[in-house]
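Got chain A; can you put chain B on it based on the hints?
There are 2 protein chains.
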Amino acid sequence: MKNFFNPRNVAVIGVSRDQNKVGHVIFRNLIDSDFKGKIYAVNNNAKEILGFKIYKNVSSIKEKIDLAVIATPAETIMNVVKDCNKKRIKNLVIITAGFKEVGNGKLEKKLADYLKKNKIKMVGVNCLGVFDGHSNLDTLFLPRSRLKRPKAGGISFVCQSGAVGSAILDLASEEGYGFAKFISYGNATVLDESDFIEYLGNDKNTKVICLYVEGVKNGKKFIEVCKKVSRKKPIIAIKGGLTQEGSKAALSHTGALAGKAEIYLGVFKQCKIIQAESLEEMFNFARILEKSIKPKGDRIQVITNGGGYGILCTDAIMKNNLKMALISKDTMNYLKKKFPKIVVVGNPMDLIGDATTERYKEAIFSCLNDKNVDILLVVLLLQTPLISTDIVDVIIEAKDLRKKPIVVVSTGGEFTKVLRHNLESNNVATFTFPESAVKAVKKLVEYYN
Amino acid sequence: MKNFFNPRNVAVIGVSRDQNKVGHVIFRNLIDSDFKGKIYAVNNNAKEILGFKIYKNVSSIKEKIDLAVIATPAETIMNVVKDCNKKRIKNLVIITAGFKEVGNGKLEKKLADYLKKNKIKMVGVNCLGVFDGHSNLDTLFLPRSRLKRPKAGGISFVCQSGAVGSAILDLASEEGYGFAKFISYGNATVLDESDFIEYLGNDKNTKVICLYVEGVKNGKKFIEVCKKVSRKKPIIAIKGGLTQEGSKAALSHTGALAGKAEIYLGVFKQCKIIQAESLEEMFNFARILEKSIKPKGDRIQVITNGGGYGILCTDAIMKNNLKMALISKDTMNYLKKKFPKIVVVGNPMDLIGDATTERYKEAIFSCLNDKNVDILLVVLLLQTPLISTDIVDVIIEAKDLRKKPIVVVSTGGEFTKVLRHNLESNNVATFTFPESAVKAVKKLVEYYN
Numbered sequence: 001m002k003n004f005f006n007p008r009n010v011a012v013i014g015v016s017r018d019q020n021k022v023g024h025v026i027f028r029n030l031i032d033s034d035f036k037g038k039i040y041a042v043n044n045n046a047k048e049i050l051g052f053k054i055y056k057n058v059s060s061i062k063e064k065i066d067l068a069v070i071a072t073p074a075e076t077i078m079n080v081v082k083d084c085n086k087k088r089i090k091n092l093v094i095i096t097a098g099f100k101e102v103g104n105g106k107l108e109k110k111l112a113d114y115l116k117k118n119k120i121k122m123v124g125v126n127c128l129g130v131f132d133g134h135s136n137l138d139t140l141f142l143p144r145s146r147l148k149r150p151k152a153g154g155i156s157f158v159c160q161s162g163a164v165g166s167a168i169l170d171l172a173s174e175e176g177y178g179f180a181k182f183i184s185y186g187n188a189t190v191l192d193e194s195d196f197i198e199y200l201g202n203d204k205n206t207k208v209i210c211l212y213v214e215g216v217k218n219g220k221k222f223i224e225v226c227k228k229v230s231r232k233k234p235i236i237a238i239k240g241g242l243t244q245e246g247s248k249a250a251l252s253h254t255g256a257l258a259g260k261a262e263i264y265l266g267v268f269k270q271c272k273i274i275q276a277e278s279l280e281e282m283f284n285f286a287r288i289l290e291k292s293i294k295p296k297g298d299r300i301q302v303i304t305n306g307g308g309y310g311i312l313c314t315d316a317i318m319k320n321n322l323k324m325a326l327i328s329k330d331t332m333n334y335l336k337k338k339f340p341k342i343v344v345v346g347n348p349m350d351l352i353g354d355a356t357t358e359r360y361k362e363a364i365f366s367c368l369n370d371k372n373v374d375i376l377l378v379v380l381l382l383q384t385p386l387i388s389t390d391i392v393d394v395i396i397e398a399k400d401l402r403k404k405p406i407v408v409v410s411t412g413g414e415f416t417k418v419l420r421h422n423l424e425s426n427n428v429a430t431f432t433f434p435e436s437a438v439k440a441v442k443k444l445v446e447y448y449n
Numbered sequence: 001m002k003n004f005f006n007p008r009n010v011a012v013i014g015v016s017r018d019q020n021k022v023g024h025v026i027f028r029n030l031i032d033s034d035f036k037g038k039i040y041a042v043n044n045n046a047k048e049i050l051g052f053k054i055y056k057n058v059s060s061i062k063e064k065i066d067l068a069v070i071a072t073p074a075e076t077i078m079n080v081v082k083d084c085n086k087k088r089i090k091n092l093v094i095i096t097a098g099f100k101e102v103g104n105g106k107l108e109k110k111l112a113d114y115l116k117k118n119k120i121k122m123v124g125v126n127c128l129g130v131f132d133g134h135s136n137l138d139t140l141f142l143p144r145s146r147l148k149r150p151k152a153g154g155i156s157f158v159c160q161s162g163a164v165g166s167a168i169l170d171l172a173s174e175e176g177y178g179f180a181k182f183i184s185y186g187n188a189t190v191l192d193e194s195d196f197i198e199y200l201g202n203d204k205n206t207k208v209i210c211l212y213v214e215g216v217k218n219g220k221k222f223i224e225v226c227k228k229v230s231r232k233k234p235i236i237a238i239k240g241g242l243t244q245e246g247s248k249a250a251l252s253h254t255g256a257l258a259g260k261a262e263i264y265l266g267v268f269k270q271c272k273i274i275q276a277e278s279l280e281e282m283f284n285f286a287r288i289l290e291k292s293i294k295p296k297g298d299r300i301q302v303i304t305n306g307g308g309y310g311i312l313c314t315d316a317i318m319k320n321n322l323k324m325a326l327i328s329k330d331t332m333n334y335l336k337k338k339f340p341k342i343v344v345v346g347n348p349m350d351l352i353g354d355a356t357t358e359r360y361k362e363a364i365f366s367c368l369n370d371k372n373v374d375i376l377l378v379v380l381l382l383q384t385p386l387i388s389t390d391i392v393d394v395i396i397e398a399k400d401l402r403k404k405p406i407v408v409v410s411t412g413g414e415f416t417k418v419l420r421h422n423l424e425s426n427n428v429a430t431f432t433f434p435e436s437a438v439k440a441v442k443k444l445v446e447y448y449n
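Chains as they are written, first to last, in our numbering: chain A, 1 to 449; chain B, 1 to 449.
Okay, chain A solo, but in the shape it has when bound (with noise of 0.2 angstroms):
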């Protein structure tokens, strides 16, 4: 499988003189990457293109290829796939549409037959196929200007609808998250979701796998995948077209059977998959189980310079059926002393509106050390000018000492974006809201339950 991700090189097929065509989108963007392998382009009806030599099949290239990645129509694939198979290209990315999902069964079925029954491995048909946030290599037909690429990370992405995915990816390079893989798989004509699944479960890149499923293709040996590699590391899905109405739109989307409701949250929960109700909160869960250490338990020290925010964390904290912390007689009596009488030192840990970096620096280190808390919520209120940027090497620090999940809560706007990426980019999790980062740490503690 690794060639999917990391070939030497790379053979796009179909490469259109069309700016516009799936193919040229391909071929431009790879020369446009970072991606460091050698880039060939196939096309049976040109000389060059942007610069480059234009193979007119990929028997004719010297090179022994990893990887080819298939744009021409459908009706061509069938030769193009054989070309493939005399070159010994053994991974394939077919983007190309028109088959299953337009009633072309037959034509898939073919296919399927003839590459397995020549150990081809394939992504799709009818996909975007994959991105890697490491390696660089990337096979969206979505150019830079609409789609822009998240940064290296630990999150990665099967993803059934390639709409999803792709906005997904494009919000991830704004919001700062990093990916490993991301795979859209189409039709899932040869590899399914568990494929990509077992694989991930072994790749060290990936730190969390998210999936969004609209119906699974063999149950049997999703649940086998999923309960061995969940143990190795957390799977955070959706499942689309949970409602009746939903499901009716996946059957006309995907033509998944997308099956009762009850028996995929049942199958999730018997393969310890985490269920999110939402795009948002399934990301808000990668984040925080991508960053985050192991808790020893549930008790959270609150730590914030705003008193409303501390009160928002204390009963999102209570309505998740987590515990406050209670620190102990010498770490409150240690804090007292150090700090101003206005400062409330209890939980929520009320550093007022004129906390200093010092402050928080003193808060955060004694609470890290006092054996009553297990993981530290710190709200970072960025508006007052009496906390310097140093903030985040303070947290960086203290993350860095393993001890105990750190997670950040900081509302804001421009100044606030730039610290946020600075600790994200740190592996620090960070949260706009209380509400939505206690919720994330909820799932961090069940996890590791």
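No lab work stands behind these hints, which were simulated from the structure alone.
Take these hints with a grain of salt, some might be off.
As the list claims (entries may be wrong) - Using 30 angstroms as the maximum straight-line C-alpha spacing, the simulated BS3-like pairs for lysine-lysine come out as follows: (1) K227/A x K319/B; (2) K341/B x K248/A; (3) K272/A x K319/B.
Same frame as chain A, now just chain B:
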């Protein structure tokens, strides 16, 4: 009350030379702002600050003063206020802390009695004061480098927590939410939340009122006012300290006797106040209520260019007990004739990945004219290059007909953000995720029901 938000002039009392002191920051912010009124600085110990003449006291200013903002220490307050009374200033914002909240209830009582006796209105003490998105008046002591001010709009926010307020204003500036008025009223020494809600009920710039409250000062007055105002415009509220632990935290924050959750929620219901579960929800609800016209019913038509998004919208609609619209035979036949065969003319209506602006236009206007549709939920995934930027004009044109509420879901990065800001500026509510959009639609339907 008008003078709190749109005074002809303002005197800032306690403008220190020290640029980190509250009075100095407030004065500098006013100079830097687009506030059109005259600004006076008062300090009994300086001649000139930031190039402005400094007055020894308000009495030495010749002009009649509409509003005084006071930032001198607590022990000086009585003298300053008496001076203001001599000058016949009827509106005060007192930023100063050091009263009831630190056990100095006696001084606060004395102040309250004096102000009431002399019929002086006062916002404060121990607060951020006010911000007006239209007049640009602003008494916030947080520098613009840290707290960006949001643009003008229809949301007003009455907030018992200064930190919650300032964080939200800063966030709003980044997200492009428009504000009418913001009031941080601190200890509510004279004017309380009910006074502001009543005023905002009659304020033409305010389309929707948001409230963060830990404890209501006068329950009877609150119920009376809110019942009256919520008939005119929506009130959305979060009660901080709903849980027992949260309520304890509120006690040490604002000294608010938080009261039992059930009582608060009962009062909210009785007054037709929309309860939000989180700050995120509050502003999602506020934006849709600010921007949308009254829907005739709860039948929603989903139009999308991504199948997966159509399914997620459908699931969310069903989970929220709303209805999927069933377009008429005529609309169905018309669109089927217009669109390529692969387009799913139904609900969700999947215009598929190669949807153009023109295809969206056909779908949107047909559904707008279909009597079986009450609300349009338009998913715009802008990662595909065939949708041009004039999709924004199509949606604004459709919205301006004022036939049906149109709500947009659009997930993505930089490009998406620009188009969404454009829509928001033109009074179209946009959301990142299907689930949050549908939850907000639910509140829109409920409010007008």
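Legend entry - Hinted pair K227/A and K319/B, Cα distance within 30 angstroms: 28 angstroms, holds
Inset, instruction - For the pair supplied as a hint, K341/B and K248/A, confirm whether the alpha-carbon distance does not exceed 30 angstroms. - result: This hinted pair holds, its Cα atoms lying about 19 angstroms apart.
Inset, instruction - Take a quick look at whether K272/A and K319/B sit within 30 angstroms of each other, Cα to Cα. - result: With Cα atoms ~24 angstroms apart, K272/A and K319/B stay inside 30 angstroms; holds.
Hint violations for this structure: none, all hints satisfied.
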